[in-house]
Amino acid sequence: MSLTEALDIRPGEAATLILRRATVLDPVAGIDGVHDVVVRDGEIAALAAPGEATLDGAEVIEAEGMHAFPAFFDPHVHLRTPGHEHKEDVETGTRAAAAGGYCGILAMANTQPPVSTPADVSALREQARAGASVAVGFLATVTCDMRGEELTEMVELREAGALGFSDDGLPIVNARVMLRALQYQRLCGGTIALHEEDPQLSGAGVMHEGPVSAALGLSGIPSVSESTMIARDAALAAYEGARIHVQHLSAAESVEVVRAARAAGVKISAEASPHHLCLTDEEVRSLDPHRFKMNPPLRRESDRQALIAALRDGTIECVATDHAPHQAEEKDVPFEQAAMGVTGLETAFAALHTELVLPGTIGLGLLIERMAGGAAPFDVERPSLAPGAEANVALCDLGARWTVGEEGYESCSENSWCAGKALTGRVMVTVAAGQVAFRLRSFSLGVA
Amino acid sequence: VKHLLAIERLSRDEIEAILDRAESFAEVGRRDIKKVPTLRGRTVVTLFYESSTRTSSSFELAAKRLSADLVAVKAAGSSVDKGESLKDTVATLSAYDPAAIVIRHPYAGAAQMVADWTAAAVVNAGDGKHEHPSQALLDVYTLRRRLGSLDGKRIWIVGDVLHSRVARSNLIAFQRMGAEVTVCGPPTLIPRGIEELGCEVSHSLERLGEAEVVYALRMQQERMSESFVPSLREYAATFQIDTRKLNPRQLLMHPGPVNRGVELSGEAIDSPQSLIADQVAAGLVVRMAILYELLAGTERPAPLAEGEVSPPTPIGQPA
Chain A
1 MSLTEALDIR
11 PGEAATLILR
21 RATVLDPVAG
31 IDGVHDVVVR
41 DGEIAALAAP
51 GEATLDGAEV
61 IEAEGMHAFP
71 AFFDPHVHLR
81 TPGHEHKEDV
91 ETGTRAAAAG
101 GYCGILAMAN
111 TQPPVSTPAD
121 VSALREQARA
131 GASVAVGFLA
141 TVTCDMRGEE
151 LTEMVELREA
161 GALGFSDDGL
171 PIVNARVMLR
181 ALQYQRLCGG
191 TIALHEEDPQ
201 LSGAGVMHEG
211 PVSAALGLSG
221 IPSVSESTMI
231 ARDAALAAYE
241 GARIHVQHLS
251 AAESVEVVRA
261 ARAAGVKISA
271 EASPHHLCLT
281 DEEVRSLDPH
291 RFKMNPPLRR
301 ESDRQALIAA
311 LRDGTIECVA
321 TDHAPHQAEE
331 KDVPFEQAAM
341 GVTGLETAFA
351 ALHTELVLPG
361 TIGLGLLIER
371 MAGGAAPFDV
381 ERPSLAPGAE
391 ANVALCDLGA
401 RWTVGEEGYE
411 SCSENSWCAG
421 KALTGRVMVT
431 VAAGQVAFRL
441 RSFSLGVA
Chain B
1 VKHLLAIERL
11 SRDEIEAILD
21 RAESFAEVGR
31 RDIKKVPTLR
41 GRTVVTLFYE
51 SSTRTSSSFE
61 LAAKRLSADL
71 VAVKAAGSSV
81 DKGESLKDTV
91 ATLSAYDPAA
101 IVIRHPYAGA
111 AQMVADWTAA
121 AVVNAGDGKH
131 EHPSQALLDV
141 YTLRRRLGSL
151 DGKRIWIVGD
161 VLHSRVARSN
171 LIAFQRMGAE
181 VTVCGPPTLI
191 PRGIEELGCE
201 VSHSLERLGE
211 AEVVYALRMQ
221 QERMSESFVP
231 SLREYAATFQ
241 IDTRKLNPRQ
251 LLMHPGPVNR
261 GVELSGEAID
271 SPQSLIADQV
281 AAGLVVRMAI
291 LYELLAGTER
301 PAPLAEGEVS
311 PPTPIGQPA
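Chains as they are written, first to last, in our numbering: chain A, 1 to 448; chain B, 1 to 319.
Treat the hints with caution; some may be incorrect.
As the list claims (entries may be wrong) - Quick list of simulated restraints, FRET-style, between CB atoms:
{"no.": "1", "chain 1": "B", "residue 1": "260", "chain 2": "A", "residue 2": "405", "range": "51 to 59 Å"}
{"no.": "2", "chain 1": "A", "residue 1": "312", "chain 2": "B", "residue 2": "54", "range": "35 to 43 Å"}
{"no.": "3", "chain 1": "A", "residue 1": "312", "chain 2": "B", "residue 2": "202", "range": "54 to 62 Å"}
{"no.": "4", "chain 1": "A", "residue 1": "113", "chain 2": "B", "residue 2": "202", "range": "46 to 54 Å"}
No lab work stands behind these hints: they were computed from the structure. Note that the structure is predicted; figures quoted are calculated from it, not measured. All C-beta atoms in this analysis are idealised placements derived from N, C-alpha and C, irrespective of residue type, glycine included.
Here chain A stands alone, though its shape is the one from the complex (with noise of 0.2 Å):
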């Protein structure tokens, strides 16, 4: 399914420009070099020669020197729509998404109420129609009110137009719940997608069990609740051969399990996020819940590497952002009261781009493979560059520095675990399902 049959946007004008000698950079369709991109009526017509595209009432972009790359695909996002509505809505979430240079993000359903009806959902899908600057797919939850007790409609909900299903926030307790929502997938379709903890295990913790949660004085949440969780649902799912994806990993066990289901033919798929990819629960000393308080939390530089290696390998297809917001009085307060999640779709790209690409940790065209490969699990058509493709474009001007949240931010919250960064690499443009749905305020356009 392309981005616009799967997902919803507002109905926009669909772009016609062209950027002139981009470094277009899309590794999965094989393209690497300088092009002028030209997009008409919101697809991607040509890759021209530099300098040479013309069109008539195309605006002309001048991209010598920035970088042309597919847009991203997140399949983790908190829109906080219905209920909580000051932390973030479908238009605010959206305008971040966009900042960060996706094309499309998928909505968890744990709002207030969940969204459990087959009415949720088109109720949700209208919004995004009214107000999405690009594409959302709406996730239903597993079981009704996230309860973890009784299945949600999961065929009606799919007629509705649920992507996949997610009780996302909390885990499925209940193995036998678990198991029939894997059977019941044979006739609804759709993805299920795990946050992987065990609740016994994880008791009160607010971070990482080790060495800093032991100088802390802090209750941890060990490596173990995790994998033990994902050990049990890979074996469930290769027991009723169905489909899942694993949120967030954080931990190198979870790697572990998640490399050795794959090998052994298990239809699974996993994300892990930029904070967890970047940051060790070192920076917890600082007691700072703002940027360091999250579920999975922050583990160790062993379990960051973990990660990074399973980024390369394919292990992880994806990065996701598990953009969380809140509001200053749920952060304003002593690490263990503070509300679990950081914000994290302004600043994705940048961030891996300053702490693993620049560096050298790992390639440039990696990164941009994995930011869109969330696209896949839930059988949504991957943004691409080819011609023909609809228009789904991130320029990046990979050589700009910014400060984050200097100039504020495009979401309705300010919980950015990069608050304060400088990062070097920032997205001047991005074209959503056919449309421009950001460009960044000081980046002057001409016209042709």
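With chain A's structure known, arrange chain B on it following the hints.
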């Protein structure tokens, strides 16, 4: 503004400066009028979100002996009961322009947050299971008086390390003063990774004899939401410090309040090698020293009335 937020942030020199100051206040306690005018006209707020006898009373008395005006707020019965956030409570109390806020809070990092929100000097009187720096200072003070120096001394901290802010502050403070520290307790009450703080870990009292000082911790049943040991009886049978396990040359300490018959036997508490009463006495002078070191000379030094004794001069300040 200087704060006392965590032992972890103090150098050995800074610890010693506070202890030296405390020595000079010991003399004040022997006077008929046990007061110095150092903080006259200045306000100290104590803000306790958890129950406390020793810490709150000694900070309050310390402030009074330094002639400060004292506002003592307990969370129970205050606006906190009405749902006021810590930030708003601190903003309210800051309107009195306090020189210092002494705070105890059930969560780690609370004192540090308060320090970010107020112009006052902030003293951490215990934040969750994180730190209790004034306790560590008074324990080091007590030991230094008894032993002269902690250099090379072996100290065992025994019991519920997991739930203990005292264990964390003390193990850092003792090591910073040159001692070697072993923490001992059942594996369920020793936090994973604690050895990275430089201490040794033992799950048996077998080698307790090598310690010069045995520091017993309170079983913090109030912080336990589940069962960490099969029974208090078994815990006591395995880890209780009694006079048979102690040898007469060893010193015994405990931060109080003691669960008699659990972590310590009654005999051990009342034995001559117990320093528990000294620790309480030290609490007052050390807390006077803390307030003095943070506040004296920072602004508005109180003018001396005629005939009054000149207060001690803060270290590093011209007399």
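Evaluated hints:
{"no.": "1", "hint": "260(B) with 405(A): 51 to 59 Å", "verdict": "holds, 54 Å"}
{"no.": "2", "hint": "312(A) with 54(B): 35 to 43 Å", "verdict": "violated, 56 Å"}
{"no.": "3", "hint": "312(A) with 202(B): 54 to 62 Å", "verdict": "violated, 42 Å"}
{"no.": "4", "hint": "113(A) with 202(B): 46 to 54 Å", "verdict": "holds, 52 Å"}
Checked against the numbered hints given earlier, the structure breaks hints 2, 3 and satisfies all the rest.
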